[in-house]
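J.: Build the full structure now, drawing on both the sequences and the hints.
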Amino acid sequence: MAKSVLKKPIPPTSSDPRVPVTLTINGETVTREASPRMLLSDFIRHELGLTGTHVGCEHGVCGCCTVTIDGRAGRSCLAFAVQADGAVIRTIEGVAGEDGTLHPIQQAMMECHALQCGYCTPGFVMSMLSYLDETPQPDLSDKAIREMLSGNLCRCTGYSNIVKAFRRGVELMNATAD
Amino acid sequence: MSTRQFGEPVQRNADPGLLKGEGAFIDDISLPGALHAAFVRSQHARAKIRSIDISAAEAMPDVVAVYTADNIGALDVELPMLIPHPCITSGGKTQRPLARDDVFYAGQCIAMIVAVDRYAAEDACSLIEVDYEPLPVELDLEKAIADGAPPVHDDIPNNIAAHFVQESGDADAAFAAAEHTTTVRVRLERSTAAPMECRAVAARWDGVSGELTVWDSTQATISVRGGLASLFDIDEDRIRVIAPNVGGGFGQKIMMFHPDEILVPFAAMQLDRPVKYIEDRVENFIGASQERAQIHEIALAAKKDGTVLGLRDSFIHDTGAFIPYGIAIAQVASTSIAGPYRIPDIWVEMTLVYTPCVQVTPYRGCGRPQACFAIERALDRLADELGIDRTEIRRRNFIGPGEFPYKRDGLLFADGLAVNYDSGEYEKALDLITGTVDLAGFRKEQEAARVEGRYLGFGIGFYVEGTGLGPYEGGHVKVHPITGKVYVTTGLTSQGQGHETVFAQIAADQVGCDVKDVIFVEGDTQAHEWGVATFASRAAVVSGNAIHKAAVKARARIIAAAANMLETDEDSIELRDGRAWIVDGNRSVSLAEIATASNPLRYAFNEASQTATQFAPASTHDGPPLAEGQAPGIEETDYFSPSHATWAYGVHAAIVEFFPDICSMEIRRYLCIHDCGNMINPMIVEGQVMGGIGQGIGGAFYERCAFDDKGTPLAANFMDFLMPYATEVPDAEILHMETPSPLNPLGIKGVGEAGTIPVSQVIASAMEDALAPLGIGPVRESPMSPDMIHGLLSEARSRR
Numbered sequence: 000m001a002k003s004v005l006k007k008p009i010p011p012t013s014s015d016p017r018v019p020v021t022l023t024i025n026g027e028t029v030t031r032e033a034s035p036r037m038l039l040s041d042f043i044r045h046e047l048g049l050t051g052t053h054v055g056c057e058h059g060v061c062g063c064c065t066v067t068i069d070g071r072a073g074r075s076c077l078a079f080a081v082q083a084d085g086a087v088i089r090t091i092e093g094v095a096g097e098d099g100t101l102h103p104i105q106q107a108m109m110e111c112h113a114l115q116c117g118y119c120t121p122g123f124v125m126s127m128l129s130y131l132d133e134t135p136q137p138d139l140s141d142k143a144i145r146e147m148l149s150g151n152l153c154r155c156t157g158y159s160n161i162v163k164a165f166r167r168g169v170e171l172m173n174a175t176a177d
Numbered sequence: 000m001s002t003r004q005f006g007e008p009v010q011r012n013a014d015p016g017l018l019k020g021e022g023a024f025i026d027d028i029s030l031p032g033a034l035h036a037a038f039v040r041s042q043h044a045r046a047k048i049r050s051i052d053i054s055a056a057e058a059m060p061d062v063v064a065v066y067t068a069d070n071i072g073a074l075d076v077e078l079p080m081l082i083p084h085p086c087i088t089s090g091g092k093t094q095r096p097l098a099r100d101d102v103f104y105a106g107q108c109i110a111m112i113v114a115v116d117r118y119a120a121e122d123a124c125s126l127i128e129v130d131y132e133p134l135p136v137e138l139d140l141e142k143a144i145a146d147g148a149p150p151v152h153d154d155i156p157n158n159i160a161a162h163f164v165q166e167s168g169d170a171d172a173a174f175a176a177a178e179h180t181t182t183v184r185v186r187l188e189r190s191t192a193a194p195m196e197c198r199a200v201a202a203r204w205d206g207v208s209g210e211l212t213v214w215d216s217t218q219a220t221i222s223v224r225g226g227l228a229s230l231f232d233i234d235e236d237r238i239r240v241i242a243p244n245v246g247g248g249f250g251q252k253i254m255m256f257h258p259d260e261i262l263v264p265f266a267a268m269q270l271d272r273p274v275k276y277i278e279d280r281v282e283n284f285i286g287a288s289q290e291r292a293q294i295h296e297i298a299l300a301a302k303k304d305g306t307v308l309g310l311r312d313s314f315i316h317d318t319g320a321f322i323p324y325g326i327a328i329a330q331v332a333s334t335s336i337a338g339p340y341r342i343p344d345i346w347v348e349m350t351l352v353y354t355p356c357v358q359v360t361p362y363r364g365c366g367r368p369q370a371c372f373a374i375e376r377a378l379d380r381l382a383d384e385l386g387i388d389r390t391e392i393r394r395r396n397f398i399g400p401g402e403f404p405y406k407r408d409g410l411l412f413a414d415g416l417a418v419n420y421d422s423g424e425y426e427k428a429l430d431l432i433t434g435t436v437d438l439a440g441f442r443k444e445q446e447a448a449r450v451e452g453r454y455l456g457f458g459i460g461f462y463v464e465g466t467g468l469g470p471y472e473g474g475h476v477k478v479h480p481i482t483g484k485v486y487v488t489t490g491l492t493s494q495g496q497g498h499e500t501v502f503a504q505i506a507a508d509q510v511g512c513d514v515k516d517v518i519f520v521e522g523d524t525q526a527h528e529w530g531v532a533t534f535a536s537r538a539a540v541v542s543g544n545a546i547h548k549a550a551v552k553a554r555a556r557i558i559a560a561a562a563n564m565l566e567t568d569e570d571s572i573e574l575r576d577g578r579a580w581i582v583d584g585n586r587s588v589s590l591a592e593i594a595t596a597s598n599p600l601r602y603a604f605n606e607a608s609q610t611a612t613q614f615a616p617a618s619t620h621d622g623p624p625l626a627e628g629q630a631p632g633i634e635e636t637d638y639f640s641p642s643h644a645t646w647a648y649g650v651h652a653a654i655v656e657f658f659p660d661i662c663s664m665e666i667r668r669y670l671c672i673h674d675c676g677n678m679i680n681p682m683i684v685e686g687q688v689m690g691g692i693g694q695g696i697g698g699a700f701y702e703r704c705a706f707d708d709k710g711t712p713l714a715a716n717f718m719d720f721l722m723p724y725a726t727e728v729p730d731a732e733i734l735h736m737e738t739p740s741p742l743n744p745l746g747i748k749g750v751g752e753a754g755t756i757p758v759s760q761v762i763a764s765a766m767e768d769a770l771a772p773l774g775i776g777p778v779r780e781s782p783m784s785p786d787m788i789h790g791l792l793s794e795a796r797s798r799r
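Residue numbers (numbering that gives the first Met the number 0), protein chains in the order written: chain X, 0 to 177; chain S, 0 to 799.
Treat the hints with caution; some may be incorrect.
As the list claims (entries may be wrong) - Simulated pairs of lysine to aspartate or glutamate, EDC-like, Cα-Cα distance not exceeding 20 Å: (1) LYS477(S) to GLU348(S); (2) LYS552(S) to GLU627(S); (3) LYS163(X) to GLU573(S); (4) LYS142(X) to GLU348(S); (5) LYS163(X) to GLU732(S); (6) LYS163(X) to GLU727(S); (7) LYS552(S) to GLU573(S); (8) LYS142(S) to ASP304(S); (9) LYS142(X) to GLU656(S).
Unchecked claim - Partial chain S-side listing against chain X, Cβ under 7 Å, derived: (10) ASP14; (11) LEU18; (12) LYS19; (13) GLY22; (14) PRO60; (15) PRO194; (16) GLY246; (17) GLY247; (18) ASP279; (19) ARG280; (20) MET689; (21) ILE692; (22) ASN716; (23) VAL728; (24) SER784.
Simulated from the structure, these hints should not be mistaken for lab results.
Backbone N, C-alpha and C define an ideal beta-carbon position, used for all residues, glycine too.
T.: Below you can see the structure in the form of structure tokens.
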């Protein structure tokens, strides 16, 4: 197919103004430039290359993009990157051990077949971890677990195995702690 | 002997990577220098386009190209009619990649902007001025086929996209002989698959080699490659289509071509830069295929004892503005209509209607949930009218285990072949579910609850599912000579079904290796270029058996080579732990050594390969190093082409407590008996079934793609289209039966869609049972929203 004659050179980035954003992500402090309107999810994924955080709706309903921001679960699609300047962020890439050993919650997700396509999975894991950070003695009843997970949509599993995985993950964490 | 992996709940090979965020979904793939596409979409359901002004968008510094129907060259054509059928009016309407002169639904693509990033591309979209002349529309399916209704397409009278009748036996005679007839009218609403990852396409053109690489979240890479080769006039070997990790498909991603699937590769070639298009959620709601809307009028001819003699069903199917997938959904509905019941005389009429809405192509279930709702609602009604228990009437009509194969001559399924149930134990499944739920005990509890003013109900729904249809798939099995790992490919794609694990189990059983030592590749036309796609619950059946056949042949090759190397006879070899062993001995050779030794070498590159050079003692024999007719290495390919679809089935039941004050219910128990023949991996089967139930719950209560009377979508985000969270989906008790299919070597049937099929029926049935004391009218619609329930209760109150 014939290549068209380009009417103008293609700029490397958009003409949006760019401002530096410094944040600590998975223990590492980084500074990158970002457009003031760039979503935090896009910044994490495309500027920092941490693509485990997924984007499922861009309106804060599905929870795929959940990360922890200063220790609390947050929707990275509902925040601008510039708002996270100075923040401490944890993404799914910062969950497993440095040698690749799965975190007990991740291990439990695998054991319980709590993921199928895996797109929503990082968001679920981050929601669970954030909840466990805030709630050292979690209520492991079905009702409580389902309530806790009710900020994340999954279209594949029907949730039952995710509920089981959370319970199993807590069990594994307690066993590790002993 | 090595442990058989088939049938074991083996954990998934794909999980560790996905759990660590290492998946490679399309937007996770970094393409340096990539440009980004966004679309201008129609604001109107049906309109003439008077003019399109792209000048302001083109002038934006960050915009690289603006495409409309005027500058896409040979692509400005109607897209392929994928599944033609003679009953389709005028051959069928398909959409153009970008609208020319007319738009046919709100959301239709009019222009594509390519810019340096998505933000800039969307800015530019807002600068494109489209001058529309809106035209009248009719959204109501029954009014749309009336004389004088505004047409979606000017040359299609009464908006009838297709009309088709299928008959098996003599329904007229059955109705003439009937002692009792009942007629029921049911309606299901439009819904959508809503995979968590929206659709996505990226493309890279290599002008030096003339190769086009397309990453497409499609379920059908090989077909997409064929289509691109045809549309672009490029040889197939120059096009590689890859479906990497894909975040759910549920049928929506079997549809090709959504406009972006050809426009993105086109732009990549034109601009000589990688181009990405990542559909956003709103676009998925307004521009990606939907399904489900049907209205059935079903009549049953019965004897007083509940035996159903005949069935007539006339249904209207909403196909949206276009019909690229032909009559497939309606055809599946029409052929599933008699469920697991003997019903010898069937007449089914389908009328497919164009509506000014996004096109309808299969969504998990594909016509089966509609057919199930129709027949099962009708059967419940018949039971009530005849004073027979709802479970008992089913029992009286089941096809018995001795009656298989049970053929319905004249009813052609989606594979073009007559419906022919291959095996099943329907009554046993019913007994299992009523026994597990303790139906007799429940009736007492229900009675006691009613005294207290509480409303408990029991609902049940049976379904059959034609699965595993042709035409064929292939399996390729190779042992890597260096690592000894077993490399398996097929022509499918995965959207999370665990193919990499179940197909590894099948191969590992033959080759005698660990499941984790199987490398499985699909979704890449360069890895495997013969086959069809993942749809219609066919992957495990068709590719599974193809891989099994190839692996059986590879096993024979391995054993023959090992016997030679170990200087024993073939019967004395057993394969386990990635090695070939002499039975009852301790001598063995590894798969790597076997694969290496089976490949005559000139150059030794490691220790093992020294044994395979033509100077090694093992190679000293008469004749050429590679005997005539022999292929190097351990590598086999085979294909499986099923004689016809294999029919899975199941029964679901629920016990609910209904709260009339809030028009809502709690599902106290949800049970599922499911039979997909021999299970490769029960853990994955259960996951598929439970996931299907979750989607079915969404369909039964919440999910509706609503439109206003102008055809504007009213549910284009997750706040208006309500998908269930963990708080809405009950845990289901899933029990398995395994009646092998006689149609394939592994005895398996498909499972992908099963869970979704009967859920609306189960809930409707339970609701009627619970609210019987309040005298509610029959439940005839799904979803059963609080609004709808409120209507039923109000109507009952006004009658009292």
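J.: Against this structure, judge whether each hint is valid.
T.: Here's how the hints hold up against the structure:
{"no.": "1", "hint": "LYS477(S) to GLU348(S)", "result": "49 Å, violated"}
{"no.": "2", "hint": "LYS552(S) to GLU627(S)", "result": "18 Å, holds"}
{"no.": "3", "hint": "LYS163(X) to GLU573(S)", "result": "39 Å, violated"}
{"no.": "4", "hint": "LYS142(X) to GLU348(S)", "result": "46 Å, violated"}
{"no.": "5", "hint": "LYS163(X) to GLU732(S)", "result": "14 Å, holds"}
{"no.": "6", "hint": "LYS163(X) to GLU727(S)", "result": "16 Å, holds"}
{"no.": "7", "hint": "LYS552(S) to GLU573(S)", "result": "15 Å, holds"}
{"no.": "8", "hint": "LYS142(S) to ASP304(S)", "result": "39 Å, violated"}
{"no.": "9", "hint": "LYS142(X) to GLU656(S)", "result": "17 Å, holds"}
{"no.": "10", "hint": "ASP14", "result": "4 Å, holds"}
{"no.": "11", "hint": "LEU18", "result": "4 Å, holds"}
{"no.": "12", "hint": "LYS19", "result": "5 Å, holds"}
{"no.": "13", "hint": "GLY22", "result": "5 Å, holds"}
{"no.": "14", "hint": "PRO60", "result": "5 Å, holds"}
{"no.": "15", "hint": "PRO194", "result": "6 Å, holds"}
{"no.": "16", "hint": "GLY246", "result": "3 Å, holds"}
{"no.": "17", "hint": "GLY247", "result": "5 Å, holds"}
{"no.": "18", "hint": "ASP279", "result": "6 Å, holds"}
{"no.": "19", "hint": "ARG280", "result": "4 Å, holds"}
{"no.": "20", "hint": "MET689", "result": "4 Å, holds"}
{"no.": "21", "hint": "ILE692", "result": "5 Å, holds"}
{"no.": "22", "hint": "ASN716", "result": "6 Å, holds"}
{"no.": "23", "hint": "VAL728", "result": "5 Å, holds"}
{"no.": "24", "hint": "SER784", "result": "19 Å, violated"}
In this structure, the earlier hints numbered 1, 3, 4, 8, 24 are contradicted, and the remaining ones agree with it.
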